[in-house]
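Asker: One letter stands for each residue in the lines below.
There are 4 protein chains.
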Amino acid sequence: MLDDDIRTTTSATILADGDGDSPRRTGVWFIGGRGSVATTATLGLHAVSRGLAPETGLVSQLEEVAQAGLVGFDSLVVGGHDVGTHSLADRAAELAEGGVFHPALVAALREELDAADRRIRPGVPAGGHQREASDRIQQDLTAFRDEHGLDRVVVVDVSSTEPPAPDHPALHDLDRLEQELDAGRAPLPPSSLYSYAAFRAGCPVVAFTPSTGPNIPALADLAKEAEVPWAGRDGKTGETLVKATLAPLFARRALHVRSWAAMNLLGGGDGRTLAEPAAAVSKTTTKALTVQSIVGYPVEGPVRIDYVEDLGDWKTAWDHITFDGFLGTRMTMQFTWQGCDSALAAPLVLDLARLVARAHEVGESGPLAPLGFFFKEPIGASTHALDEQWATLTRWCARLAPTP
Amino acid sequence: MLDDDIRTTTSATILADGDGDSPRRTGVWFIGGRGSVATTATLGLHAVSRGLAPETGLVSQLEEVAQAGLVGFDSLVVGGHDVGTHSLADRAAELAEGGVFHPALVAALREELDAADRRIRPGVPAGGHQREASDRIQQDLTAFRDEHGLDRVVVVDVSSTEPPAPDHPALHDLDRLEQELDAGRAPLPPSSLYSYAAFRAGCPVVAFTPSTGPNIPALADLAKEAEVPWAGRDGKTGETLVKATLAPLFARRALHVRSWAAMNLLGGGDGRTLAEPAAAVSKTTTKALTVQSIVGYPVEGPVRIDYVEDLGDWKTAWDHITFDGFLGTRMTMQFTWQGCDSALAAPLVLDLARLVARAHEVGESGPLAPLGFFFKEPIGASTHALDEQWATLTRWCARLAPTP
Amino acid sequence: MLDDDIRTTTSATILADGDGDSPRRTGVWFIGGRGSVATTATLGLHAVSRGLAPETGLVSQLEEVAQAGLVGFDSLVVGGHDVGTHSLADRAAELAEGGVFHPALVAALREELDAADRRIRPGVPAGGHQREASDRIQQDLTAFRDEHGLDRVVVVDVSSTEPPAPDHPALHDLDRLEQELDAGRAPLPPSSLYSYAAFRAGCPVVAFTPSTGPNIPALADLAKEAEVPWAGRDGKTGETLVKATLAPLFARRALHVRSWAAMNLLGGGDGRTLAEPAAAVSKTTTKALTVQSIVGYPVEGPVRIDYVEDLGDWKTAWDHITFDGFLGTRMTMQFTWQGCDSALAAPLVLDLARLVARAHEVGESGPLAPLGFFFKEPIGASTHALDEQWATLTRWCARLAPTP
Amino acid sequence: MLDDDIRTTTSATILADGDGDSPRRTGVWFIGGRGSVATTATLGLHAVSRGLAPETGLVSQLEEVAQAGLVGFDSLVVGGHDVGTHSLADRAAELAEGGVFHPALVAALREELDAADRRIRPGVPAGGHQREASDRIQQDLTAFRDEHGLDRVVVVDVSSTEPPAPDHPALHDLDRLEQELDAGRAPLPPSSLYSYAAFRAGCPVVAFTPSTGPNIPALADLAKEAEVPWAGRDGKTGETLVKATLAPLFARRALHVRSWAAMNLLGGGDGRTLAEPAAAVSKTTTKALTVQSIVGYPVEGPVRIDYVEDLGDWKTAWDHITFDGFLGTRMTMQFTWQGCDSALAAPLVLDLARLVARAHEVGESGPLAPLGFFFKEPIGASTHALDEQWATLTRWCARLAPTP
Ligand SMILES: NC(=O)c1ccc[n+]([C@@H]2O[C@H](COP(=O)([O-])OP(=O)(O)OC[C@H]3O[C@@H](n4cnc5c(N)ncnc54)[C@H](O)[C@@H]3O)[C@@H](O)[C@H]2O)c1
Ligand SMILES: NC(=O)c1ccc[n+]([C@@H]2O[C@H](COP(=O)([O-])OP(=O)(O)OC[C@H]3O[C@@H](n4cnc5c(N)ncnc54)[C@H](O)[C@@H]3O)[C@@H](O)[C@H]2O)c1
Ligand SMILES: NC(=O)c1ccc[n+]([C@@H]2O[C@H](COP(=O)([O-])OP(=O)(O)OC[C@H]3O[C@@H](n4cnc5c(N)ncnc54)[C@H](O)[C@@H]3O)[C@@H](O)[C@H]2O)c1
Ligand SMILES: NC(=O)c1ccc[n+]([C@@H]2O[C@H](COP(=O)([O-])OP(=O)(O)OC[C@H]3O[C@@H](n4cnc5c(N)ncnc54)[C@H](O)[C@@H]3O)[C@@H](O)[C@H]2O)c1
Ligand code: NA
Ligand code: NA
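Chains as they are written, first to last, in my numbering: chain A, 1 to 404; chain B, 405 to 808; chain C, 809 to 1212; chain D, 1213 to 1616.
FYI, nobody ran anything at the bench for these hints, they're computed from the structure.
Note that the Cβ used here is the ideal one computed from N, Cα and C, for glycine as well.
Warning: the hint list may mix true and false statements.
Claimed, not checked - Cβ-Cβ distance ranges computed for the label pairs, FRET-style:
| no. | chain 1 | residue 1 | chain 2 | residue 2 | range |
| --- | --- | --- | --- | --- | --- |
| 1 | C | ASP882 | B | GLU713 | 53 to 61 Å |
| 2 | A | GLU55 | D | GLU1309 | 18 to 26 Å |
| 3 | A | PRO103 | C | ALA1206 | 57 to 65 Å |
| 4 | A | GLU55 | D | PRO1315 | 23 to 31 Å |
| 5 | D | TYR1509 | A | LEU52 | 56 to 64 Å |
| 6 | B | GLU501 | A | TYR297 | 37 to 45 Å |
| 7 | C | ASP975 | D | SER1261 | 28 to 36 Å |
| 8 | C | ALA1206 | B | LEU456 | 54 to 62 Å |
| 9 | C | PRO911 | B | LEU456 | 53 to 61 Å |
| 10 | B | GLU713 | A | TYR297 | 36 to 44 Å |
| 11 | B | GLU501 | A | PRO103 | 55 to 63 Å |
| 12 | A | ASP151 | B | SER697 | 58 to 66 Å |
| 13 | C | PRO1085 | B | PRO458 | 29 to 37 Å |
| 14 | C | PRO1085 | B | GLU501 | 20 to 28 Å |
Stated by the list, open to error - The following residues of chain A were derived to be distant from chain C, with all beta-carbon distances above 12 Å:
| no. | residue |
| --- | --- |
| 15 | ARG25 |
| 16 | PRO302 |
| 17 | GLY312 |
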C-alpha cells in the first residue's frame, strides 16, 4: 500500500552521476514573488544561509530527507513574477510588524531583499493574448537562468488563489491548447499559463496553491513530453496537516469517525482572497478530502474558511470530531491550531524547490507522487495519511541519494 | 529504525503449522476481573460474538492485524481474580447508567455475565505469605484451563494501579526471589506476584496497568526460562495516544516543540486510585516520556492527573503545546480529548489477549516489542511514535500469518 | 441605564389583588407542540410537578423571580398546534435515547404525555385563506380555555424557524391587515398568523423562535388594543447566552474586542431547518447583534450555524475572541459550549409562560421589555448584557410581587 | 444584597470640597518597583500621559468610574522599593522583546523610565530588625512625598508572592505588635512590614498580591487608627476574572455546577515564584473561592498553577466545567484564556492608585469593599460575582463624585 506512491522513482544506478556536494546553481522562481509566502521564503533563505536563523521548519534538512543529495541553500537564487509593485523590503517590514519574524532580520538582510526585488518581473493578469504572455514568461525564465548561470530553474506558484477555472476543451488536449494560443485566445487560467510557459522553458513546477496550475491533462502531457517533473498541489500547512496526522489514529484504532467539522479563521492577503466564496471553493474542496480518504468512508461535517482581518497571518483553526468506540460509545475530540501561515509555508517552499530540483537532476518527469507529504491534494498519490506520506518520502529520498 | 523493534519475531516457516481457523480455545484471565475495564471487555466480548454490537474499536479485526491468524471471539473464555465482591452484572449496570454502553446490552447478556462472574476467584492482597498465594493463583489458573479445555490462558492485569514498588534485591535475581518466597516472605508487589504465578503456570501475561507486574529482571528471566511471551505496559488509550500521534507531526516537519503541558481529569475507580499521589507517580512518569522520546530532546511542561468524581469514566484531557517554526516564529496548538476510558481500554485488552495468544502459539517468548502500539511504556521497543508502532505491528502480524 | 428597560411596569398598588398563592389555572399552548422543545417542556412540567425531577434550570423558581407570585406548576395545562402527527410519547422516547433526559421519565409519565397529546390540534401551513385559518386557531384556543376552565392561555411559539418574511404593507397597518384577511388573502407568515389569532382571542404570546411572530407593527398595535402582553424573541440558550455573559467583562475592564468569531454545530430538527440558508439568516442576524450592542462598537467576525446530524440535540459552539489590553497588547480567549438544546430551552419556556401569565394577570400589555434576559433579540429592551438583564428582571419581579 | 458592600461610603455632602479637576499631586509607590507589573505600569502611565498609547484597559477612564473625580495621569509620580537591582529600562526592554508592549515605547520613554528608576529605593528582606526596617521605609515614603510636593502617596504592593506567613500573636494585636518591633524582633512577613510602615506614614495601601500585607487584625486596627483606607487582595486579571464573570450565568439560569477544574500555565518571574508549592498555596486558595461563593454550594475540581518557562508573561488558563440542566441533563463548557499578565495587571494598578487616592481625599478609611471588582479575594465585600461588583463600584464612584 505504501509502495504504490513511488512509481516514478528512477533506479539508484542512474543517480550515480548525481553528486550531492557539487555546486549546482539553482533558480527558485516565485509566481507571486512579492506575496507573504515568497517574501518569508526569500528572507528566510538568506537568514539560514548566513546563519542568522536556525533550520527549524526545514524538512529538507532532516537527515532522512537531506540524504537525497539536495542543492545547498548558498546555491539558490531567487526571482519571480508578481502583478503587485510594493517592494519586498516593505512587505518584509509589514510581516515583521505582524510578528511573523523578528524585525532585526529585515534590517540585517535589507541588501539581499533589494537584490531579490530587482529580479521580480511584472506578472501576467487573467485573459489577454496568452501566446504573447507565455512567450514573455519564457523569456523571463531563460534570461534569469542565463544571467545567473543556473543549472535549472524551479518555478514555484505562490500567487493568490484563483477561482476554479471554467472548463474548456483546450485544457484536455495539448494540440487543441496550442491552436487556441496560436489563435491569440486565452483558454488558460493564469496559474496554468505560468505552468505552460515553465514547461515550455524546461522548468519544473511546484504548485503550492490550490489553483489549477499544471493540473490539467494538456499540461500533464506537456510535462511528460518536456521531461520535466512537477509537484502539487496546495501546500499542507495548518488544519489539514493536523487532520492528516490525526485521522490515522482513528483508522488504526478502529474507531469510527462520525463527524469532523472544521472552522478556519484567517486574515492577511490570502484570507482576503479566500473571503470571496468563488476562491474559497478551490480551498475547501481540497481540504475536505483528507479525512474521508484516510478513514475510507464518508464523514459528515462542514469545512469553513472565514476572513478575520485582525488575525493577519495567524491562522486559527478549530476542529471538532465525534467518533464511536467499542459498543458504540460516543466520544469527542477537538483541537485549536494557532499557526503563522507564512512561517509554516515558507520553509516547505524551499524544501520543495530543492527536492524537485533533485528529481529533475536525476531525470524524473511528470507528477512527483512521493512529495504528497507536502500537499493537501497530493497529485499522483493515493494516500492522505501523513505517516504513510512520510514513509514514502523518505524511501524516495533514500533512492535519490547520490552513490558515495 | 523501524525494524529494530521486531527482534523477537520468529521466522515465517515456523508458523507453517499455526492455523488461523482451527478452534483453539483460549482463556482470558483478568486480574481485577470485576473492574470497569474487565467488565466492559467481558460484556463486549459476548456482545460482539453474538452480533449485538459492531467491531468498532477492535484493532485485531482490522485486516492488517487479523492476518496474524487470531483466535475467534467464540473461542475465548473469561475468568479472573478480584479482591472486590460486587457482581459483574451490577458493575455493568453502573457502567451502562454512566453512559459507557447501552443498558439493553446488560439485559441481553445477563446470563453470560453471571457465568463469567462465577469464574472470578478471590484476589490476593499485598503482603502475606507470597509462596502460598502464588501456589493458589497457579492452581486457579490450572483449574480454569483444565475445566474449560483451554489450549492456553492469557493473564491480563487490569487491576487497580499500585504505588511504585520499593526496590528489593529479589526483584533483580530470580534465585534470590525464589529463596525469599520459600522463606515465606513477601518481596513482590501484588501485580508482580500475579505475573510470577502466571509464568510459573506457563501463561503469557499482558500488563495493561502501569504497575510493576512482569517488568523486573527476575520475572523477565523467568518468562524466558518458561518460554512464555508477555507484553506491556500501561494501555495507551487517551491523552498519550494523541501525543503519540501528534508528536511525529512536529518531528517530521522540523518544528521545534518548546513546551507540552497536559491536564487529565478523570473520575471512576481508576480516577479514585490515581487521586492518591503515590499511585499517580507511576502513571505520570510513563505519560511524560512519550513526547521527549519522539522529538528527541527534552520538552518542558507539567503532566497532571486530577480526580473529578463527576466525570466518572469520561476522561477529559487538555494538552497545550507551544512550538517554533521557521525563523523562530512561535505557535500554539491545543486539544481536548473527551474519551470514555473503559470503552477505549476494553477492546485493546481483547486485542492483546488474542495477539499474545497467537505469539505463544507460534513459540515467541519474552517481551513482545511489536505490541508497543498498545502501550504508554512499550517494553522492549525503542519508539513511542504511533505510526512507527503501527508499521511494526502490522509487519509482525504479516509474519505471524498462517501459511495457506 | 438599567431602568429604561422597565417602562412597561405597572405600579405595585395595582398588584394588590394579585395573589401568588391562589389556584389560577393557566393554559400553555405550544405552536409546534410536538417538537423537541415542547415535548421536553411538557414532560418536564409533569416530572417537576410530580417530584420526579429537581427544579434545575427553572429560573422562575429562583427566589428573586419567584417573588413575582407565579402560578404553580400544578395549575398549568398544556395544549398546542402542530403540523406533524407523530405522538408526544414517541418523540419523548427519541429524545431520551438521544440523552436529553432519562428513559425512566418517559415510562413514568406516559399517561400525562398521552393526555397532552390529545390536546394538540392540527397546525396551519403557510398560505391558504388566512382569515379562515385564524378563526380556526381562535376556536381551538377558546375551546381549550373553556374545556379546562382556564383563567388564561399563554401561546408559546416553539415551531420550526421560518425564513425571513417578505415585506408587505399589511404588516405595518392593522386596518390594512384586516382588509387583506377579509379578502381571503395570506399576507402573514404562519408565525404571525398564530400571534394574530392569539391576540384576537385575548391570549398573551411568547415568541421563542426567531420567526416574525408578533414582531410587526400591525400586531404590536393589535396587542395594545387587545390589552395583552407579549415577549420575544428567540430564546437565548447557548452560545448567545455565553456571549451576553462574557462581553460585559471586556466592556467593564476597558478591553477592546477586535474580533469575535462563532461557529455553531447542531443536529436535530432545529438543525435541519437551519441548514437551509434562508432560515439561518433569521438566526445569525439575531445572534450577531449581541456583542456589538454590549461593547458599543462594531466587532468583526463570522457567525456560522452548521448542521451536523450526528450531534442531535447537543449543540456545540466554539467562539474565538481577540482583544487588546493596555498598550495595545493582543490577547485571545476561546470557549467551547456543549449544551443540550432542548434541555436548555424547555425550562425557559415554562418560566416565560408563568411570567407572562403573571404580567397578564396584573394588567400589563404590549412587549415585556423586562424579559430580555430570556431572549437573543430582546424586544423593547435596550441592553443585551446578561447582568443588566438580570437586574432588570428581578426588579420587575419585585414590583409584580403580590402584597402580603 | 448589592448594597451591603458599600458600608464604608461617606455621604455625598462631604465630597463637596473634593474637586476632580484640581491638580492634586499623588505619589504611586510600588513595592516590587522593578517587577513586570510595576515596570509595565510605570511605562504605561507615561505612554498614556504623553498620548503614545490609547486608554485601553484603564477601568478608571470609563465614564462610570471616572465620575468619582480622579487625579489626572499627569499628576502621578512613581517611586518604589525593590530588592532587585536591574534597571527599569532593561526590564522594559525584556518585556517588549517578550511581546508585552511595542519596543518603540521603550525607546520613546527612556528618559521617564530612568527618572523613575532613580526613585526606587532598596527593599527590605525577610527577618532582620523590623523596627529599624520600618523606620527606613517610612523615611523613604516621607522623603518622596516632600521632595515631589505630593498631596499623598499610595503604596501599591506588586512584589513577589510570599509563602503563607506563620501565625503569631503579634499579628492579632497592635499593641503586642509594637512591643515585638520595639524589642528588635521580626514577627511580620515582609509584605505586612511594608503595610505597617505605610500606615504609620499615613499612606493608603493597595495589596495587589496574595501575600498577607495589610490583611491581619493588627494592621486593620492601625489603618482605622491612622484613618487611611486600603484595598485588596490579589489582582483579578485572568482565569479568576473569567470565573467571576461566568459563574453568575449558571447561578441565574438555575443550572447546577457539578465540577469546575482549572489549569493555569505561566512563565515569567511570577510563574517562577509560584512554581514553589509554598507560594502557590496562597494563590490557589484565593482562586478556588470564587465559584463556590457565587453559586452558593461547594463545587469539586482542582485548581492548578504550573510553571512553563516558555510562556513568559503569557498566562494560559484552561477551565473545564460540567453542569446539570433541566431534568438532570449533563452539559459541559470549557474555555481557554491566553492573556498577557503584566498588560492586564498594570492598568488596574493605576486604576486602584487613583481610586484609593480619591477615597483618602474624601476621608474614607479601612478596607474599601467597593473595590472588590479588582480582586480575587475582595476584602470587606461579600460577593465575588463580577456584575455585582461592577454595580457596587460604579455606585460608589457616583457617590464620590465631586459636586459641580
Ligand atoms: N501560507 C500558507 O500556509 C499557504 C498554504 C497553502 C497554500 N497557500 C497559498 O499560497 C498562495 C500565496 O499565499 P500568500 O499568503 O503569500 O498570499 P499573498 O496574497 O500575500 O500573496 C500572493 C501574491 O500573488 C500575487 N499575484 C496575484 N495574482 C498574480 C498573478 N496573476 N501573477 C503574479 N502574481 C500574482 C499578488 O500580487 C501577491 O503578491 C495562496 O494561493 C495561498 O492559498 C498558502
Ligand atoms: N481505562 C483505561 O483507559 C486504562 C488505560 C490504561 C491503563 N488502565 C489501567 O487499568 C486498570 C483498571 O482500570 P479500571 O478503570 O478498570 O479500574 P477499576 O478501579 O474499575 O478496577 C480495578 C479492579 O481491580 C481490583 N483489584 C484491586 N486490587 C486487586 C488485587 N490485588 N487483586 C485483584 N484485583 C484487584 C479492584 O477490586 C477493581 O475491581 C488500572 O490500573 C488503570 O490504570 C486503564
Ligand atoms: N432549543 C433551543 O435551545 C432553542 C433556542 C432558541 C430558539 N429555539 C427555537 O425553537 C423552535 C423549536 O425548536 P425545536 O428544537 O423544538 O424544533 P423541532 O424541529 O424539534 O420542532 C418544531 C416543531 O414545529 C412544528 N411546526 C413546523 N411548522 C409548523 C406550523 N406551521 N404550525 C405548527 N407547528 C409547526 C414541527 O412539526 C415540529 O414539531 C425553533 O424555531 C428554534 O429555532 C430553540
Ligand atoms: N500580573 C498579574 O496579572 C498579577 C495578578 C495578580 C497578582 N499579581 C501579583 O503581582 C506580583 C508581581 O507580579 P510580577 O509579574 O510583576 O512579578 P515579578 O517577579 O516580575 O516582580 C516582583 C518584584 O518584586 C521584587 N521583590 C521581591 N521581594 C521583594 C521585597 N521583599 N521587597 C521589595 N521588592 C521585592 C522582585 O525583586 C521583583 O522585582 C506578584 O505577587 C503577583 O502574584 C500579578
Ligand atoms: Na501518525
Ligand atoms: Na456578568
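Asker: Now look at each hint and say whether the structure bears it out.
Answerer: Consistency of the hints with the structure:
Look at ASP882(C) against GLU713(B): about 35 Å separates their beta carbons, and that is not inside 53 to 61 Å. Between GLU55(A) and GLU1309(D), the C-beta spacing of about 23 Å keeps the proposed range 18 to 26 Å intact. A beta carbon spacing of about 59 Å between PRO103(A) and ALA1206(C) agrees with the range 57 to 65 Å that was offered as a hint. As the Cβ distance of GLU55(A) to PRO1315(D) is approximately 27 Å, the hint placing it in 23 to 31 Å holds.
Our hint of 56 to 64 Å for TYR1509(D) and LEU52(A) holds, since their Cβ atoms are close to 58 Å apart. Hint check: GLU501(B) to TYR297(A), Cβ distance near 31 Å, so the stated range 37 to 45 Å is violated. A beta carbon spacing of about 53 Å between ASP975(C) and SER1261(D) contradicts the range 28 to 36 Å that was offered as a hint. Taking 54 to 62 Å as the suggested C-beta distance range, the pair ALA1206(C) and LEU456(B) conforms, at roughly 57 Å.
At roughly 19 Å, the beta-carbon separation of PRO911(C) and LEU456(B) lies outside the given 53 to 61 Å, and the hint is violated. The given range of 36 to 44 Å is respected by GLU713(B) and TYR297(A), whose C-beta atoms sit roughly 37 Å from each other. Taken as a hint, the range 55 to 63 Å holds for the pair GLU501(B) and PRO103(A), whose Cβ atoms sit roughly 60 Å apart. In this structure the supplied range 58 to 66 Å is violated for ASP151(A) paired with SER697(B), their Cβ-Cβ distance being about 41 Å.
Between PRO1085(C) and PRO458(B) the Cβ separation comes to about 35 Å, which falls inside the hinted range of 29 to 37 Å. Between PRO1085(C) and GLU501(B) the beta carbon distance is about 41 Å. The supplied range of 20 to 28 Å is therefore violated. No beta-carbon of chain C is positioned within 12 Å of the beta-carbon of ARG25(A); the least distance is around 42 Å. For PRO302(A), the condition that its CB be more than 12 Å from all CB atoms of chain C is violated, with the nearest at approximately 4 Å.
Non-interface call for GLY312(A) relative to chain C: violated, since the shortest CB-CB distance, roughly 10 Å, does not exceed 12 Å.
The structure does not agree with the numbered hints 1, 6, 7, 9, 12, 14, 16, 17 stated previously, though it agrees with the rest.
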